[in-house]
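Asks: Chain by chain, the residues run as shown.
Protein chains: 2
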Amino acid sequence: MASSRMRHSHGNDTREVILDAAEKLFAEHGVAAVSNRQVSEAAGQANNFAVGYHFGTKSDLVLAIVRRHVPFIERRREEMLAEIKGSSDLRDWLACLVRPTVDHIASLGTPSWFARFYAQVMTDPVLRKLVTDEMMATPAMQKSIAGLGRFMPIWPKGVLEERGDMCRQLVVHMCAERERALQAGSATPRATWDAAAVGLVDALVGLWTAPVTPTK
Amino acid sequence: MASSRMRHSHGNDTREVILDAAEKLFAEHGVAAVSNRQVSEAAGQANNFAVGYHFGTKSDLVLAIVRRHVPFIERRREEMLAEIKGSSDLRDWLACLVRPTVDHIASLGTPSWFARFYAQVMTDPVLRKLVTDEMMATPAMQKSIAGLGRFMPIWPKGVLEERGDMCRQLVVHMCAERERALQAGSATPRATWDAAAVGLVDALVGLWTAPVTPTK
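From first to last, the protein sequence lines stand for chains A and B.
Read in full-length UniProt numbering, the first sequence has 192 at position 192, and its numbers run on one by one without any break.
Read in full-length UniProt numbering, the second sequence has 15 at position 15, and its numbers run on one by one without any break.
Calculated from the structure, these hints are not laboratory results.
Where hints are given, some of them may not hold.
Since the list gives no way to pick one copy over another, a pair counts as held whenever it fits inside one copy or between any two copies.
To be verified - Distance condition first, Cα-Cα at most 27 Å in a straight line; then the derived DSS-like pairs of lysine-lysine:
id, residue 1, residue 2
1, Lys129, Lys85
2, Lys216, Lys58
3, Lys216, Lys85
4, Lys24, Lys85
5, Lys24, Lys129
6, Lys157, Lys58
7, Lys143, Lys216
8, Lys143, Lys24
9, Lys58, Lys24
10, Lys157, Lys143
11, Lys143, Lys58
12, Lys24, Lys157
13, Lys216, Lys24
14, Lys58, Lys85
15, Lys85, Lys157
16, Lys129, Lys143
17, Lys129, Lys216
Keep in mind the model is a prediction, meaning the values are calculated, not measured.
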């Protein structure tokens, strides 16, 4: 369950309650559609400026939500990197990108909101850059990307960026859809998050190695 | 430009104005977040019940938006099917799925809203089914799916549905992101919709033919 892994110290209870409320509201309605005031209210804060007081701007709030998750993802990625050390299999390196996030979402239990929160953040170019920079900057992520580097063909201009965008869109939206389906109790193609992660890595291997057709 | 291909008869002007307003609002804010009243107001209708009067429920309104686009997509798909008749190349059949929609979005000019509208609809399980059933039911779509059928391996349970979901997510969200970037004047990995379509078909070939790792 979320509470067991995501609980923080008592001194920060108000902050944690606000982050929970904001993550859920942003996941459901989009970041732009939700005001700091609505977050304060949903968090049961008498003072409508509680969000501003504790976090500053909305971008700061979004980053604070992300930073609550990153250490769990980072730790799992370090474990996986230690396991695959020096692997020459593309699949291992793609798994290092995908698995830690999927495993973390799985650990949050149902309902979770992080996948949908992340999908919403991705639709805002400024927030997307802010959050992506934050998530890319960790040591394990840098090592994973460096490891993946050796499998990068010399592609025509734009294709590397495009394939990277595709990998991100696929992982983010498949996870968001699964998270939504689990909450609604509706059917999912895969029985477990574990199997869903295997399916995603399979697909990314195909996506990453697909031949590139030249364009004008 | 949108207007040249999407213009309709004068007798339906109010309906068209409402559909334009609804598509844009749904694209920007999500279908659930926008009321029929807000659509009526954005469409400059003095009567707040204009949407209900002209279209009925919100689901009816969503379907009416979709039905305005489908004939253009369908016509292009029929053309492509005629061109590739009997092809034994997976790529041709995947192109028949992807190209007609991308070409249609390109024909709408910038800004367009259809890709983002569609991405928003995809996040609502009930609307997703409604709209998907509508778009799948056309003769050219049925022929494309039948053509693709011969390239379907015997996959473990759930994988066919999963790969189908992945193709849909990839196309919908890559188009939505491109549409958003074009409106904002920001950078895109590919210079043209045409090149973006080539990139999507390349990726789908990889995604569709990627080996499946067995899971427990």
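Asks: Give a verdict on every hint.
Replies: Status of the hints after comparison with the structure:
For the identical chains of this complex, Lys129 and Lys85 are neighbours neither inside a copy (29 Å) nor across copies (44 Å), given an alpha-carbon limit of 27 Å. Within a single copy, Lys216 and Lys58 get their C-alpha atoms no closer than 42 Å, and across copies no closer than 43 Å, so neither meets the 27 Å cut-off. Taking identical chains as interchangeable, the C-alpha atoms of Lys216 and Lys85 lie at most 27 Å apart only when they sit on different chains, with a minimum of 25 Å there against 40 Å within one chain. Taking the shortest alpha-carbon separations for Lys24 and Lys85, neither the intra-copy value of 37 Å nor the inter-copy value of 49 Å comes in at or below 27 Å.
For a Cα distance limit of 27 Å, the shortest separation of Lys24 from Lys129 qualifies both inside one copy, at 21 Å, and across copies, at 25 Å. With identical chains, the CA atoms of Lys157 and Lys58 are never at most 27 Å apart, being 35 Å at best within one copy and 43 Å at best between copies. For the identical chains of this complex, Lys143 and Lys216 are neighbours neither inside a copy (35 Å) nor across copies (30 Å), given an alpha-carbon limit of 27 Å. Proximity of Lys143 to Lys24 under the C-alpha cut-off of 27 Å is found in neither arrangement, the shortest distances being 31 Å within a copy and 42 Å between copies.
For the homomeric pair Lys58 and Lys24, the shortest alpha-carbon distances inside one copy (14 Å) and between copies (25 Å) are both at most 27 Å. Within a single copy, Lys157 and Lys143 get their C-alpha atoms as close as 24 Å, which meets the 27 Å cut-off; across copies the closest is 35 Å, which misses it. For the identical chains of this complex, Lys143 and Lys58 are neighbours neither inside a copy (30 Å) nor across copies (48 Å), given an alpha-carbon limit of 27 Å. When the C-alpha separation of Lys24 and Lys157 is checked against a cutoff of 27 Å, the pair qualifies neither within a copy, at 38 Å, nor between copies, at 32 Å.
With identical chains, the CA atoms of Lys216 and Lys24 are never at most 27 Å apart, being 44 Å at best within one copy and 32 Å at best between copies. For the homomeric pair Lys58 and Lys85, neither the shortest alpha-carbon distance inside one copy (39 Å) nor that between copies (54 Å) is at most 27 Å. In the homo-oligomer, the alpha carbons of Lys85 and Lys157 never lie at most 27 Å apart, since the shortest distance is 31 Å inside one protomer and 33 Å across protomers. Proximity of Lys129 to Lys143 under the C-alpha cut-off of 27 Å is restricted to the intra-copy arrangement: shortest distance 20 Å within a copy versus 41 Å between copies.
When the C-alpha separation of Lys129 and Lys216 is checked against a cutoff of 27 Å, the pair qualifies neither within a copy, at 29 Å, nor between copies, at 37 Å.
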